[in-house]
Amino acid sequence: MVKKVFENNNEIVKKRNKCLALILGLIAFSLYVGFILSNMK
Amino acid sequence: MSTKAHADHDHHDHKPTGIKRWLFSTNHKDIGTMYLVFSLIMFFIGGSMAMIIRAELFQPGLQFVDPQFYNSMVTVHALVMIFGAIMPAGVGLANWMIPIMIGAPDMALPRMNNMSFWIMPFAFALLLGTFFMEGGAPAGGWTMYPPLVLQTGKAFPFLIFAVHFLGISSIMGAINIIATVFNMRAPGMTLMRLPLFVWTWVITAFLLIASMPVLAGAVTMLLTDKYFGTSFFNAAGGGDPVLFQHIFWFFGHPEVYILILPAFGIISQIIPTFARKPLFGYASMVYATASIAILSFFVWAHHMFTVGLPINGELFFMYATMLIAVPTGVKVFNWVATMWKGAMTFETPMLFALAFVILFTIGGFSGLMLGITPVDFQYHDTYFVVAHFHYVLLTGAVFALMASAYYWLPKWTGHMYDEKLAKIHFWLSAIFANVLFFPQHFLGLAGMPRRIPDYSVQFADFNMVSSLGGFAYGISQLLFVYIVIKCVLGGKKATGQVWEGARGLEWTLSSPPPYHSFTKSPKVTKALMDY
Numbered sequence: 001m002v003k004k005v006f007e008n009n010n011e012i013v014k015k016r017n018k019c020l021a022l023i024l025g026l027i028a029f030s031l032y033v034g035f036i037l038s039n040m041k
Numbered sequence: 001m002s003t004k005a006h007a008d009h010d011h012h013d014h015k016p017t018g019i020k021r022w023l024f025s026t027n028h029k030d031i032g033t034m035y036l037v038f039s040l041i042m043f044f045i046g047g048s049m050a051m052i053i054r055a056e057l058f059q060p061g062l063q064f065v066d067p068q069f070y071n072s073m074v075t076v077h078a079l080v081m082i083f084g085a086i087m088p089a090g091v092g093l094a095n096w097m098i099p100i101m102i103g104a105p106d107m108a109l110p111r112m113n114n115m116s117f118w119i120m121p122f123a124f125a126l127l128l129g130t131f132f133m134e135g136g137a138p139a140g141g142w143t144m145y146p147p148l149v150l151q152t153g154k155a156f157p158f159l160i161f162a163v164h165f166l167g168i169s170s171i172m173g174a175i176n177i178i179a180t181v182f183n184m185r186a187p188g189m190t191l192m193r194l195p196l197f198v199w200t201w202v203i204t205a206f207l208l209i210a211s212m213p214v215l216a217g218a219v220t221m222l223l224t225d226k227y228f229g230t231s232f233f234n235a236a237g238g239g240d241p242v243l244f245q246h247i248f249w250f251f252g253h254p255e256v257y258i259l260i261l262p263a264f265g266i267i268s269q270i271i272p273t274f275a276r277k278p279l280f281g282y283a284s285m286v287y288a289t290a291s292i293a294i295l296s297f298f299v300w301a302h303h304m305f306t307v308g309l310p311i312n313g314e315l316f317f318m319y320a321t322m323l324i325a326v327p328t329g330v331k332v333f334n335w336v337a338t339m340w341k342g343a344m345t346f347e348t349p350m351l352f353a354l355a356f357v358i359l360f361t362i363g364g365f366s367g368l369m370l371g372i373t374p375v376d377f378q379y380h381d382t383y384f385v386v387a388h389f390h391y392v393l394l395t396g397a398v399f400a401l402m403a404s405a406y407y408w409l410p411k412w413t414g415h416m417y418d419e420k421l422a423k424i425h426f427w428l429s430a431i432f433a434n435v436l437f438f439p440q441h442f443l444g445l446a447g448m449p450r451r452i453p454d455y456s457v458q459f460a461d462f463n464m465v466s467s468l469g470g471f472a473y474g475i476s477q478l479l480f481v482y483i484v485i486k487c488v489l490g491g492k493k494a495t496g497q498v499w500e501g502a503r504g505l506e507w508t509l510s511s512p513p514p515y516h517s518f519t520k521s522p523k524v525t526k527a528l529m530d531y
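Note that the protein sequences, when read in sequence, are chains A and B. Position 26 of the first sequence, counted from 1, bears residue number 26 in the working numbering, the numbering being contiguous throughout. Position 509 of the second sequence, counted from 1, bears residue number 509 in the working numbering, the numbering being contiguous throughout.
Don't take every hint at face value.
[What the hints assert, rightly or not] Derived, one-sided and incomplete: chain A residues facing chain B with beta-carbon distance under 8 angstroms:
{"id": "1", "residue": "Arg16"}
{"id": "2", "residue": "Ala21"}
{"id": "3", "residue": "Asn39"}
Worth flagging that the hints you see were computed from the coordinates, not collected in a lab. Here the structure is a predicted model, which means the values were calculated and not measured. For every residue, glycine included, the Cβ atom is placed at its ideal position computed from N, Cα and C.
The following block holds chain B by itself, in its conformation from the complex:
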């Protein structure tokens, strides 16, 4: 970018230092780093809550916390992990990687980028501050179903405003990503040459813009029901509490794909690199991602089969849910086909990616089981559901995020991470995540309800195994922090290419990339993007 376009940026071409670099940053890499660090902190805050949950469930009976606090743990763990850990991690990766993957000088709207990050710490200060309030933190579940959630004490408006702020932050981030990809691509970077990670993020951004306002609308209605005398969800005033469930899940199911589509993109970058083959079926991957996104708006009621829907409605939502398995199957098939006859090596990013393919598929299949209406009547609100969504979100989304961290850490820091420690981290994570969540399938099938601090003695053994897995998984994540810090501070110098089999614009830059990425307009050719 040697032309005037870059000259326009020259007035802020210097690299700011100190606190101002982070507070007022408009640089996509710095903002990406802040997102990633923030999400790691939230991962450990949410993880600590999970440890309390598993400690309480280690044995039947009430051990450590009172039921109200336990319910707060369940509620806030979910909110923190979804809105504080996984989503910001995805946005952080998007910030760091999308501009350098498409050959753009920065994000399209850098000041808005800064704002969308800094809203988040305020939102979480509102949410986590509720632990110190009269009546405690929200305890009605992350789904905030009325009338239960309306019993929340002084924490209620803080919860609602935290959700609003997080929604605003997400929408601004999504707008930025769409504007960047559509307006800022380098010459030659056609839409069908975009790296899959960029494609999945563009589609995710559209999902965010379409679904976040719906959540905001739903929680605004909760607020007016509680404080302004409306009756959207109050049966006594002519409203309907089930309406909230419809609206919430109209947001909630696309939200699931907001969490997982960027993970699909990450895996689609990593597998070709370590299989040393181009991605099998690139176009079908793009269309499958778009199909999943569109279908995600027509399946919301599979979360509420047991509320008493008309039979035709239940059938429609069951079949629509089954339909999503088709494009998802296309993706899994393509990943496996990419590896077929590839010259594979098994560095840590590839190990996490392989674990993702296997374990996410397990989570996908248990999702299919839950999507079958008559069967769901038995599984609904049991630990089977807990096992299902943790396979999708932990061994799915989080494993993909771990894979991406190891994949791009050398590019970000300029140093190779400690491969031996990273492999130990992988094996501890993979083993203990399964020890943690696999027994929960059996607990659910045996009838153990979710969101309870105490349980019948017949569930004791599997709960003990699950808790042990949970503690071991939690502790092993500290190793990840050590590996990251060690890598940031030093280590073997990374080349620009980093991985022998990697393709794309980001690998043409030095490691770490310069503060302003491209000083010349990059030339994008088919050979650069593929094999």
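Chain A with its partners taken away, still in its complex shape:
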């Protein structure tokens, strides 16, 4: 995986970067919404 940055597979790395960013962003957003919802009565 790491080697691919330097070996002709930049698109794959870009895709993986975006994918990881999306997952982490979703985790952060669900924590935000989840925290508010869990404190509602």
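Mind docking chain B on chain A? Use the hints.
Positioned in the frame of chain A, the structure of chain B alone reads:
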């Protein structure tokens, strides 16, 4: 990086100039520079507020400002220093150094990198603009406890949105760092070869992603309580103001480690360089950092022992707090062991690093004292707390940032800084930071409450000493600006290696590094990373 991967970047291989270089930059070094300059400006804005606080406290009685404005100073000083100075400085260092430390062409998501920087000036324009509004700036403390914070005037929504924007900026920065480290490392740069600075930042990034949404949730609930009739924290409507404290400190304690873990990483880079020895216990440093990060989520209530927690809860949080001293002790032990029998020299970065180890440990020990539940009942909300967290954040985090600035300035600018002036800056900072904060321990033990513009005459002497230290510390930081500007403009040429004992990929590049760092895939070997 001679392969197609670099060719993909070639369409923007030119170096932009003028305002566009900074406004639309996707280059990690330029964005890192903007973060660092921004944080220095905020350091002086927050510092000016500290000067007003110390001027007011120079003598008992009300001298210069009215109490409402004083409270605004206390509140905004904290917000500016935490979110505007220390955090962006850490992100700036991460931007500059992580790609060249791991052999990556740039950050993983360069456009998002640009956005996460440019959100910050807008957020601080919102926050600092409140000084010119009816009712003044927020004055309820940086912790924003309800119901007090709900009395904020027109500044309230600006405060809430500023915090939201800063949170979004931090989360985007954190995502970028994680993606960069996990996806963009050069061949041979295994996880257990990562420089400690990179490790501490990866762990910090996870802390940011886990804790920032909690703060955002808490302030959103404050907003809806004030404007949309909800009662999350309103007892009259069935809510609970103490709930806010739980949620805030569930964010707030990891936040403390967000501020200090990158500092640990910086110190772990600097001490081996100037001791000319490999870092003692590399793996244990990584595990200790991770342990501190995990434990930081289980100690939040030690900030609120006096609100009336069940006794079992207080015991749990006291023991959990004590537990954090173990991995922190591992780190301090490892730094000292790295220096043991090393061929040490004492250039300015090393002096700041040594001061960090000693003074941060003092701050750590006073933290342990505060973590003991029955003792905290006396110390809570006194100047002892103020002394504690300034030892951790100023002689801890800020000293580490100063150390890093001197350590990497030659790499960034291509010039050596003025060592003699830098040493004067160090000694003035080290002496006056202690004159400023050490007496505050005694004030706290004698019972002086924090966040008050006036005080009983029995506290006058120590306050005067503290204020004098504060003014001297503040003025001596102007010397740092002069040294940096002088270094940027010229000086003795720095070699690529800069420091004889430095190890790692960043030192294989020229000083300053080329606009696009690696034109060939760097080869990472054990010998390159170690001795």
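Hint validity - A/Asn39 Cβ closer than 8 angstroms to any chain B Cβ = 6 angstroms, holds
If you take the shortest Cβ to Cβ gap from A/Arg16 to chain B, is it below 8 angstroms?
-> 5 angstroms, holds
Per-residue hint verdict: A/Ala21, partner chain B, C-beta under 8 angstroms | This interface hint holds because 5 angstroms falls under the 8 angstroms limit.
Of the numbered hints given earlier, the model fails none.
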